[in-house]
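**Student:** Using the sequences provided together with the hints, build the complete structure.
2 protein chains.
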Amino acid sequence: MLGRSDTVSLENALQLLQQHLPPCSARKVTVPLDETLGRICAADIYSPEDLPPYPRSTMDGYAVKARDTFGASEKLPAYLEVSGEVSMGEFPGHGPEPGACYAIATGGLLPPGTDAVVMLEHTVTVDDSMIEVVQPVAAGMNIINAGEDVAKDGILLTAGHRIRPQDIGLLAGVGLDSITVFRRVRIGIISTGDEIIPHDQVPEPGKTRDMNSLSLAAQIKNLNARPTFYGIATDEEESLNGMILEANAANEIVLLSGSSSVGTRDLGEKVIEQMGSPGIIVHGVAVKPGKPVIIARAGDTMIFGLPGHPVSAAVAFDLFVRPAIIHLSGLADDDLPRHRTINAKLMRNLSSASGRTDFVRVLVKISKDKVPEAYPILGKSGALSTMVKAHGYIEIAEKLQGLKEGEIVEVKLFD
Amino acid sequence: MLGRSDTVSLENALQLLQQHLPPCSARKVTVPLDETLGRICAADIYSPEDLPPYPRSTMDGYAVKARDTFGASEKLPAYLEVSGEVSMGEFPGHGPEPGACYAIATGGLLPPGTDAVVMLEHTVTVDDSMIEVVQPVAAGMNIINAGEDVAKDGILLTAGHRIRPQDIGLLAGVGLDSITVFRRVRIGIISTGDEIIPHDQVPEPGKTRDMNSLSLAAQIKNLNARPTFYGIATDEEESLNGMILEANAANEIVLLSGSSSVGTRDLGEKVIEQMGSPGIIVHGVAVKPGKPVIIARAGDTMIFGLPGHPVSAAVAFDLFVRPAIIHLSGLADDDLPRHRTINAKLMRNLSSASGRTDFVRVLVKISKDKVPEAYPILGKSGALSTMVKAHGYIEIAEKLQGLKEGEIVEVKLFD
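Chains as they are written, first to last, in my numbering: chain Y, 1 to 415; chain V, 1 to 415.
Any given hint could be a false lead.
Stated by the list, open to error - Far from chain V by the CB rule (all over 12 Å, computed), these chain Y residues: (1) His-20; (2) Arg-183; (3) Gln-274; (4) Gly-402.
Unchecked claim - Calculated lysine-lysine pairs in the DSS-like style (CA-CA distance at most 27 Å, straight line): (5) V/Lys-412 to Y/Lys-221; (6) V/Lys-368 to Y/Lys-412; (7) Y/Lys-368 to V/Lys-399; (8) Y/Lys-370 to V/Lys-345; (9) Y/Lys-152 to V/Lys-370; (10) Y/Lys-389 to Y/Lys-345; (11) V/Lys-221 to Y/Lys-412; (12) V/Lys-380 to Y/Lys-207; (13) Y/Lys-28 to Y/Lys-221; (14) V/Lys-370 to Y/Lys-345; (15) Y/Lys-412 to V/Lys-365; (16) V/Lys-221 to V/Lys-370; (17) V/Lys-412 to Y/Lys-412; (18) V/Lys-28 to Y/Lys-370; (19) Y/Lys-345 to V/Lys-412; (20) Y/Lys-152 to V/Lys-207; (21) V/Lys-221 to V/Lys-389; (22) V/Lys-365 to V/Lys-345; (23) V/Lys-368 to Y/Lys-399; (24) V/Lys-365 to Y/Lys-389; (25) Y/Lys-221 to Y/Lys-291; (26) V/Lys-370 to Y/Lys-412; (27) V/Lys-412 to V/Lys-368; (28) V/Lys-28 to Y/Lys-389; (29) V/Lys-291 to V/Lys-389; (30) Y/Lys-399 to Y/Lys-370; (31) V/Lys-389 to Y/Lys-152; (32) V/Lys-380 to Y/Lys-221; (33) V/Lys-399 to Y/Lys-399; (34) Y/Lys-221 to V/Lys-221; (35) V/Lys-370 to Y/Lys-28; (36) Y/Lys-345 to V/Lys-345; (37) Y/Lys-370 to V/Lys-412; (38) V/Lys-412 to Y/Lys-365; (39) Y/Lys-380 to V/Lys-152; (40) V/Lys-368 to V/Lys-389.
The set of hints was computed from the structure by calculation and includes no laboratory data.
Beta carbons are placed, not taken as given, at the ideal position from N, Cα and C, and that holds for glycine.
**Tutor:** This is the structure in structure tokens:
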């Protein structure tokens, strides 16, 4: 049998994938704070101290006892003596007497006996040592109390959280200098096929340069995972078997690129089945492009047989390998969109077979009237240039037979 | 004067910024193909050869002369002798006689004399050497012609294009092994303020750990630019002056963090003005948070004075430094969204001063009915934890006085 016509729906394939994914690898590494961007917390992180450690001003102005300003207005200001100034970076050992205040800058420590800050804008300078306060403050206004940003032993980040710039800032603020994160997901890539040669060689007639291993490695890097290339296997069982054994031992995921096309397909299927149980879970999904994908699990390693066509391989990666990487990375699911998107007006009719989910590459232009327009790029699925010309893709759901010109479609933009 | 009440609108500030940005640095570097992900093409890239170099099959099936299949149907199939097979990776020296065909797999080279491929699914096997074709093919069907993906000397990528995984695949396919890209934008970071100590030291009372330089460096890395930290300047002119001179000489952009708060503010302003013309372009923008930002240009270096408050610094970075980095990176503007977004239902009223653009941090939850809900996180602008709890932010436009509970708002999700 050369072909394979029995396929499962995209929804079923994704369900089967989710059911068979092994739990996130428990392996953890501790990394310096400035290398944690994009990494996933391996445990809840608690604050070792109060932030700020002491009450501080959040405004430029005057540290006061709030009750000294009660009832103050433009017409009936409160007069306060400016009896001192808080120096930045110094601990004010004493504070103003009742009826007096200290000048204070944003970030300055609140002097003893004061409980609020009057903003500079709500004061009028009378002379060197006297101000009018023209608006009252309540206790706690324009200050941040000790522990108000983060309390000692309060939770900073939860396990499964992806570390963003502001998270690093907060961790720096409480003096945490290294963080325990999940190790990056490791992914082995094997290209297969007698016709494939390394991309930096000149092909003889009949041979073709390996395009997929570099583009798949880049898709993997975009997800903050670690690709390793194991080489190009010929259509001999021994060749593929040796590489896949090596890759299986050292990675959470192994990708065979090209293994689902004829010639290498049956071999790929056979070799994958030999790797361990449960073996092949899905073989063929009702999607276009990407149909001949193989999803398998051997022990704790996920194995994906991706189509040889570069466009199909890229789409199959996005549909199936991407969620597997995200799951294995330990990222907690926040149900938020993972792609940039834009809603655009479809600029031509598109037909699609019912019972199949289609992904159509589109170029997006913003019209003179500022309307985003989606132009489908039709081309052979072997033509990677169609994906290079495209800004993203639209999905035609399984139950639809197409989309009409003028409809508003959601374009998922490429990373 | 401690404070500053004259501000320009966000729109004006962005216009002034765009007008004063120097052109993208012309400096180019050549990098190996597998290191080009996310880099910006410094010149148009042309294909050195046809891709594919020869016509290939895009399906599993039989290479035929199309005219031998004309009129074929289920009821009246065309009978073709299978007189050979195309081996993958080999150049077929001869082709089938008229009325005969060769078995061919996806990716196989079309044998001489054939001009189309009949899909396996449209054939019935009669015996070892004969098939029925039940559907006709036109010349060119199920094949990709030489140069049809990319023609020799055709343009692959244009200058200013950001390199994505599929682009790397295509470049590999035509044998381009290294690419000329723009050098990454270099950004110097200087923290200022007598009260600031390095984040890995234990602060004495009155001192505070440097939070901004690490989080700004992470924001810079997220944009594929290169941060360098120059240290913490005290409130003495000599200290800041030395650092800023050094940073100016080696970077396209210099960030002073904390320089726009009182104490260091006037000093920062003075030192920035001394660096060269045109000097300060914008000082204070009607946004919340982020108001006390300074935008300056000294010669070909952009200098930004960012607020000391971590939240204000992060927002001011996103509003002003981010577009400057993108411009200087050489990225061509495609007018497409740069943030992931989600439309969500606002879960409480928000008020805002008219004449000021507000950015409100929100936590997004997906309700049981699958409705995304945006919960504003209200907290002091000094409290970085508010940004850590948030998934993104919403914008309240300058002309609005607020937003109503129940409105659908667009949330920009944090990177």
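**Student:** Taking the hints in turn, state whether each one holds.
**Tutor:** Going through the hints against the structure:
A cut-off of 12 Å between C-beta atoms confirms that Y/His-20 is not in contact with chain V; the least separation is 25 Å. For Y/Arg-183, the condition that its CB be more than 12 Å from all CB atoms of chain V holds, with the nearest at approximately 20 Å. At the 12 Å boundary, the C-beta of Y/Gln-274 stays outside the reach of chain V, the nearest C-beta of that chain being 22 Å off. Consistency note on Y/Gly-402: stated as away from chain V, and its beta-carbon is indeed over 12 Å from all of that chain's, at 21 Å minimum.
A threshold of 27 Å between alpha carbons decides the hint, and for V/Lys-412 with Y/Lys-221 the separation of about 24 Å falls inside it, so the pair holds. Proposed proximity of V/Lys-368 and Y/Lys-412 is supported: the alpha carbons are some 25 Å apart, at most 27 Å. A hinted pair counts as satisfied when its Cα atoms are at most 27 Å apart, and Y/Lys-368 with V/Lys-399 qualifies at roughly 25 Å. Taken as a hint, the Y/Lys-370 and V/Lys-345 pair is honoured in the structure, with Cα atoms around 25 Å apart against an allowance of 27 Å.
For the given pair, Y/Lys-152 sits about 35 Å from V/Lys-370 by alpha-carbon distance, which is inconsistent with the 27 Å threshold. With a C-alpha separation of about 18 Å, the suggested pair Y/Lys-389 and Y/Lys-345 falls inside the 27 Å cut-off, and the hint holds. Of the supplied pair hints, the one linking V/Lys-221 and Y/Lys-412 holds, its CA atoms being roughly 24 Å apart against a limit of 27 Å. About 64 Å separates the Cα atoms of V/Lys-380 and Y/Lys-207, which puts this hinted pair outside 27 Å; it is violated.
Using a Cα cut-off of 27 Å, the hinted pair Y/Lys-28 and Y/Lys-221 holds, with the two alpha carbons roughly 19 Å apart. The straight-line distance between the Cα atoms of V/Lys-370 and Y/Lys-345 is roughly 25 Å, inside the 27 Å bound, and the hint therefore holds. With a C-alpha separation of about 21 Å, the suggested pairing of Y/Lys-412 with V/Lys-365 holds against the 27 Å cut-off. Of the pairs offered as hints, the one joining V/Lys-221 and V/Lys-370 is violated, with about 34 Å between alpha carbons and a cut-off of 27 Å exceeded.
Annotation: proposed proximity of V/Lys-412 to Y/Lys-412 holds, straight-line Cα distance about 15 Å (limit 27 Å). Between the alpha carbons of V/Lys-28 and Y/Lys-370 the distance comes to roughly 33 Å, so the proposed pair goes past 27 Å and is violated. Our distance criterion of 27 Å between C-alpha atoms is met by Y/Lys-345 and V/Lys-412, whose separation comes to about 22 Å. Between Y/Lys-152 and V/Lys-207 the CA atoms are separated by roughly 18 Å; this keeps the pair inside 27 Å, and the hint holds.
For the hint linking V/Lys-221 to V/Lys-389, the alpha-carbon distance of about 21 Å falls within 27 Å, and the restraint holds. Annotation: proposed proximity of V/Lys-365 to V/Lys-345 holds, straight-line Cα distance about 10 Å (limit 27 Å). Proposed proximity of V/Lys-368 and Y/Lys-399 is supported: the alpha carbons are some 25 Å apart, at most 27 Å. The suggested pairing of V/Lys-365 with Y/Lys-389 is violated, with an alpha-carbon distance near 36 Å, which exceeds 27 Å.
Of the supplied pair hints, the one linking Y/Lys-221 and Y/Lys-291 holds, its CA atoms being roughly 24 Å apart against a limit of 27 Å. Distance check on the hinted pair: V/Lys-370 and Y/Lys-412 sit about 20 Å apart at the alpha-carbon level, within 27 Å; holds. For the hint linking V/Lys-412 to V/Lys-368, the alpha-carbon distance of about 22 Å falls within 27 Å, and the restraint holds. The hinted pair formed by V/Lys-28 and Y/Lys-389 meets the criterion: a straight-line CA distance of about 24 Å does not exceed 27 Å.
Taking the CA atoms of V/Lys-291 and V/Lys-389, the gap is near 22 Å; set against the 27 Å cutoff, the hint holds. Under the criterion of a C-alpha separation no larger than 27 Å, the hint pairing Y/Lys-399 with Y/Lys-370 is inconsistent with the structure, at around 32 Å. A distance of roughly 17 Å separates the Cα atoms of V/Lys-389 and Y/Lys-152; the hinted pair therefore holds under the 27 Å criterion. Distance check on the hinted pair: V/Lys-380 and Y/Lys-221 sit about 37 Å apart at the alpha-carbon level, beyond 27 Å; violated.
Restraint check: the Cα-Cα separation between V/Lys-399 and Y/Lys-399 comes to about 44 Å, which exceeds 27 Å; the hinted pair is violated. With a C-alpha separation of about 15 Å, the suggested pair Y/Lys-221 and V/Lys-221 falls inside the 27 Å cut-off, and the hint holds. The hinted pair formed by V/Lys-370 and Y/Lys-28 fails the criterion: a straight-line CA distance of about 33 Å is larger than 27 Å. Among the hinted pairs, Y/Lys-345 with V/Lys-345 is consistent with the structure: their alpha-carbon atoms are about 24 Å apart, no more than 27 Å.
Proposed proximity of Y/Lys-370 and V/Lys-412 is supported: the alpha carbons are some 20 Å apart, at most 27 Å. With a C-alpha separation of about 21 Å, the suggested pair V/Lys-412 and Y/Lys-365 falls inside the 27 Å cut-off, and the hint holds. This hinted pair checks out: Y/Lys-380 and V/Lys-152 have alpha carbons roughly 18 Å apart, not beyond 27 Å. As the CA atoms of V/Lys-368 and V/Lys-389 are separated by approximately 21 Å, the hinted pair is consistent with the 27 Å bound.
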